[in-house]
Amino acid sequence: MTRVAYYKGCLASLSAKELDSATQALAPKVGLDLVELESVTCCGAGDIHEAEPDYYLHLNARILAYAAAEGVDTLLTVCNVCTLNLRQANFILLGDSDVRARVNENLVAIGVPAYERDVDVRHLLWEIAEGEGYEKLKTAAHRGLKGLKIAPFYGCQILRPSRIQGFEDPDRPWSLERIIEACGGEAIDYPAKIKCCGFPIIQAREETALGELIQPIEQAVEAGADAMVTPCPLCHLSLDAWQSKLKATTGRDFKMPILHLSQLVGVAAGLQESELRFKRHVVSVKPMLEKIEA
Amino acid sequence: MHVEATHDVLVVGAGCAGMRAAIEAHDAGADVGVISKLHPTRSHSGAAEGGINAALGNAGEDSPASHTFDTVKGSDYIGDQDAIEILCREAPGDIFQLEHWGAVFSRREDGKLAQRPFGAAGSPRTVFAADITGHVLIQVLYEQLVKRGITVYEEFFAWKLVENDDRCQGVICWDLLDGGLKTIGGKTVVLATGGQGRIYRTTTNAYACTGDGAAMALHLGLPLKDMEFMQFHPTTLYPTGILLTEGCRGEGAYLINKDGERFMKRYAPNAMELASRDVVSRSEQTEIDQGRGVDGSIFLDMRHLGAARIIERLPGSRELAMTFAGIDPIYDPVPVRPGAHYHMGGVETDNEGATELTGLYAAGEVACVSVHGANRLGGNSLMETITFGRRAGRAAAEWALSHTTIDVPRSAEADAERELQQLLDVAEGERPWQIRNDLGTSMLENFGVFRREEQMLEQLDTIEALRERYERGVVIEDKGDVFNTDLTQAIELGNMLDLSWCMVQAGIARKESRGAHARPYDYPTRDDENFMKHSISRWVDGAPQLSYSEVRVTEYEPMERTY
Amino acid sequence: MQVGLKVWRFNARTGERELAEYEVDAPEEATLLDVLDIVKDKHDGTLAYRKSCRMMICGSCGMRMDGAAVLACKTRMYDIAQAGHVPVISAMGNLPIVKDLVVDMDPFWDKFKSVDPFLRPGYDEPPGGRENLIRQERMNVIHKESLCINCGCCVSECNAMESDPRFLGPQALAKAMRFVGDPRDGHKIERLDALNGEHGIWECTRCYFCNERCPKGVDPRDAIAKLGAESMKEGIDGDMGAKHAKWFVVSAKTTGWLRETELVPKTQGLVAAIKQTRFALDLAVKGKVPPPVPPHVAKNVRQARRLHDLVRDQGVNGYAGIVQGEHALAKLAHGHVSGETLEEIYDRPGAFPRPYIAEEAEEAVAS
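Chains as they are written, first to last, in my numbering: chain A, 1 to 294; chain B, 295 to 857; chain C, 858 to 1224.
Extracted from the complex, chain A is given alone in its bound form (with noise of 0.2 Å):
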């Protein structure tokens, strides 16, 4: 087993806990201790760092801190936001002394352990995607998806900027797809599964959020997809919460499931709806469900 800080970020937290009990429940049959960090906060997403970019480099020189402070190596992230929020700040902290020194004499002041020992952040989807993590996820998927089609969601922030999230091609991208296979099911390929959904200005900008919105859940029901995976919890909101939106503007309703990558591979290792919390979805997971008891 091995020890990792856990960082599981604002929606695991809150709106998507379904994403952290099968987090939790899940690191153990994959090889990982996950030891969750408390004294942290949101890493600021987009907005921090947009808003007051000096306070976004501190909070997530905190959070490092902590980790580091754990004695682990690896911090683990399961939100593509907070993977890159946090691995930007690092390469940040780490490439520049001066920056360095500066922040940790705030978080010294404030009560903070100085972030000397480094630690590298690794979203969950790249330590189950090869080596070690990945030979355990073979093993653990003993239940299997018995052939479903799945469309991989793999949003922007977890390619891209690929200089500093660098763990695949930002074009051809292939770790949901090999996790779905090693779980026994069918990847479904789609132009749209590395573009944005929307999420940062759903708010501020409906409309063109729903115009890129619709173009992954469309493409995913065209070709077949029994239901979509991602790795961000934020793309999760997006494309399950926010599906219903489309019916006003589209007309049309997907009914298109949307799983977290850790429920998808909680299904093929026979975790339970307690774990899951499907239950949580606004988009109903039990049809996708039905297909594989079938």
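Derived by calculation from the structure, the hints in this document are not laboratory data. A couple of the hints might just be wrong.
Claimed, not checked - Taking beta-carbon pairs under 7 Å as the criterion, some of the chain C residues facing chain A (in silico):
#1 A925
#2 R1063
#3 Y1065
#4 E1069
#5 G1098
#6 V1106
#7 A1109
#8 A1155
#9 Q1160
#10 A1161
#11 H1165
#12 G1178
Backbone N, C-alpha and C fix where the C-beta goes; we use that ideal spot for every residue, glycine too.
Given chain A, put chains B and C in place with the hints provided.
Relative to chain A, chains B and C alone:
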């Protein structure tokens, strides 16, 4: 076809010289139109890298007089000294003007404009923006063009000048986006169409640099001056010919042969790598010819500059080397060789940019004032585009504002239509690329860094044969209206053939070595008694005719030129 | 080497579209642009595309390869040909196609012009008419934005613009930042006000495609973030996007975690929030609308509050907060991190000979 519009001042070409002329003409109160076969920011001025010269005195003691002397010496004493004095005197004011307009130049610790050492300069006077100075200038000039709302006929290929009543009255163009010949009338026309490096197979120049403006003037019978002087830039990447700025050497880079020797010690022991460009190119070519190169190249070594300095001061050059030569200059020397870069010669103008034809002006690389004589200093070309672009723009505006009529005769348009149809009607024959490649290879071979009588004579024959092949008719496969670069590229080829004829003819006749015209085997020394003069090429009855004109000397008598 | 290409030919006049396939013989160092030249010269002279400098500075040759915008002159074909891959070449996105790979750039230039892309001076004339004195560090605020060559690769891939063509877009916004951050410009507030309009800063969807595609390292998304940061610093924060962002800051300071439920009314205003009630109820039923009371507070959130005030008073505010990270992030871009000494570089196995001057070498041998 009809006259699309008329303007007080019509500028052909939207690089640094063209845009600066247009801005000045506008500010002088004229109604301006700019014609360009590219969108302005695509112009080749934007590819300039190292910097722009002016005696600001920020990095050390300097003066316009010192700048003048360096330029006169650099020109190997056939630069016109009154013009050079004007350039060096007005340069500082022009630089400050650019800065006030917002140019993003690199700065010194004290906040002043930074200046770096450049070839053959007595004091570091090259103002720069990392190694993308041309890009920064193109951007600031385009911004100022947009600010003034100046009309630009974008992607209009200028084909022929209209002469009527002993005046230049407009330009006939091919509209690339919509198709069709369009005539734009102008009380005055300012040519700012750049050079013709594409005549050579190995060149730093963009595809667009085909001498269209010089050819238009040539065909009208105007005198082109000093055509034989083509500058070969010492550091062009192998094999593409892409430019690596002199600024690398300005920052301290070495030139080494395959053994690692800094060979410049043997050719220019004082200035070393920062000797004048013609000296450096010749030195390199000698090393290469004598077997101390690899793949026809020697090496630009920046390893000792260190990663930090390279990344801060020369990031563009590093990226070019990595992308186009697969080499990271932090770790390895970059193979470079001389490549055709800048044409010192061009359309003869006076110090206000006026040509022999009333109403026609020229500025920038297409013009020959002459500020560069037989060899140009690095950093002086960008300065020339600004200073003389401004002067030509103002002169053109003043003339236009004091005259009222424009008259473009119908016959001019009709002739052009007929010629165009002839070009498009060719059904069988060669494709232009074959002639273009043969021209490029033979010019490099026979009219390159080192020249010999026999080879130059052979080149005349070659050009004649190529022109014959061209006259017989080349096949333009695209007969359509929309974005027909197949057509414009064929016309460009014709321009280059005529210009190269002028160049070689003038080269044979100049029986000396001076500046960029190097004849080490037959005429190895400079002959001031017989050849301290400008070559003049005129097109008469379909062929170039050569004559000479005087060099304007004010202060500096010719001396031995060593570095 | 043998190179295969598929090119989407298109004629806007006739509306004809076809996928043409070409196979040519090209030198190993050939770029996509070189291959297109060979096709046009030797196979089909009607193929239309823009080009000029061939050294990634003029910005003419933007086009899509396998759906992603690139500069044709920067794209080496060797690896692609070796892999036996036949890429599909098409015109850039988000702009009308004129012919084949040539797009109508007018909408692009119109947006560019709409941000007043020229200096509007706001400084006293420097003494003696000389240059304004500005430290390099201060100019570096707009270093990345000044690299832009107007190629259109960012615009081609912009997801927000694809959904709403009226979005100003990454290029125009990056250019606007170039002036907002220029110390010589005197109209920063006016500019920021305009950029906070309906199709400005806050319509950016943060897909980061622009950063990914830009061939010059401009990072337009970060330029947009700089504009947002500077707007907020100057108190220009009335847009819903700004309010949305502000609420994240407030949440972090007070409860640590995002106060999701209040996000909608805080962003869109109470009236709009009420209009969303039906939608909100659907979410609430699923537990997606956590009750604001009792607040979900992170442990030691007092630290976050203190941190906010401490940091704010240090003055790395507005775009400075983003610029401070550029030096470190640039290392990822230029790809050089190791700190070898010169000796180590000279001594690498297979390294090129060290530079020397012959005279000195001879003298050393003689002595």
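*With 7 Å as the cut and Cβ atoms as the points, is Y1065 (chain C) at the interface with chain A?*
holds (4 Å)
*asked:* Does A925 (chain C) hold up as a contact with chain A if the rule is Cβ-Cβ below 7 Å?
replied: Constraint on A925 (chain C) satisfied, holds at 6 Å.
*Have a go at the A1161 (chain C) hint: is there a Cβ in chain A nearer than 7 Å to its own Cβ?*
holds (5 Å)
*asked:* Does the closest beta carbon of chain A sit nearer than 7 Å to the beta carbon of Q1160 (chain C)?
replied: With a minimum Cβ separation of about 5 Å from chain A (threshold 7 Å), the hint on Q1160 (chain C) holds.
*Would the stated hint for V1106 (chain C) survive a check requiring a Cβ distance to chain A of less than 7 Å?*
holds (6 Å)
_When the least beta-carbon distance from G1178 (chain C) to chain A is tested against 7 Å, hint result_ = It holds, given that the least Cβ distance between G1178 (chain C) and chain A is near 3 Å, below 7 Å.
*Minimum Cβ distance from G1098 (chain C) to chain A below 7 Å?*
holds (4 Å)
*Using Cβ atoms only, decide whether E1069 (chain C) comes closer than 7 Å to chain A, and label the hint accordingly.*
holds (5 Å)
*Would you settle whether the hint for H1165 (chain C) is holds or violated, based on the nearest Cβ-Cβ distance to chain A being less than 7 Å?*
holds (6 Å)
*Status of the R1063 (chain C) interface restraint (C-beta, 7 Å, chain A)*: With a closest approach of 4 Å, the R1063 (chain C) hint holds.
*Using Cβ atoms only, decide whether A1155 (chain C) comes closer than 7 Å to chain A, and label the hint accordingly.*
Given a least distance of 6 Å, the restraint on A1155 (chain C) holds.
*Under the criterion of a CB-CB separation shorter than 7 Å, is A1109 (chain C) in contact with chain A as hinted?*
This hint holds: A1109 (chain C) lies near chain A, its Cβ roughly 5 Å from the closest one there, short of 7 Å.
When held up to the earlier numbered hints, the structure conflicts with none and fits them all.
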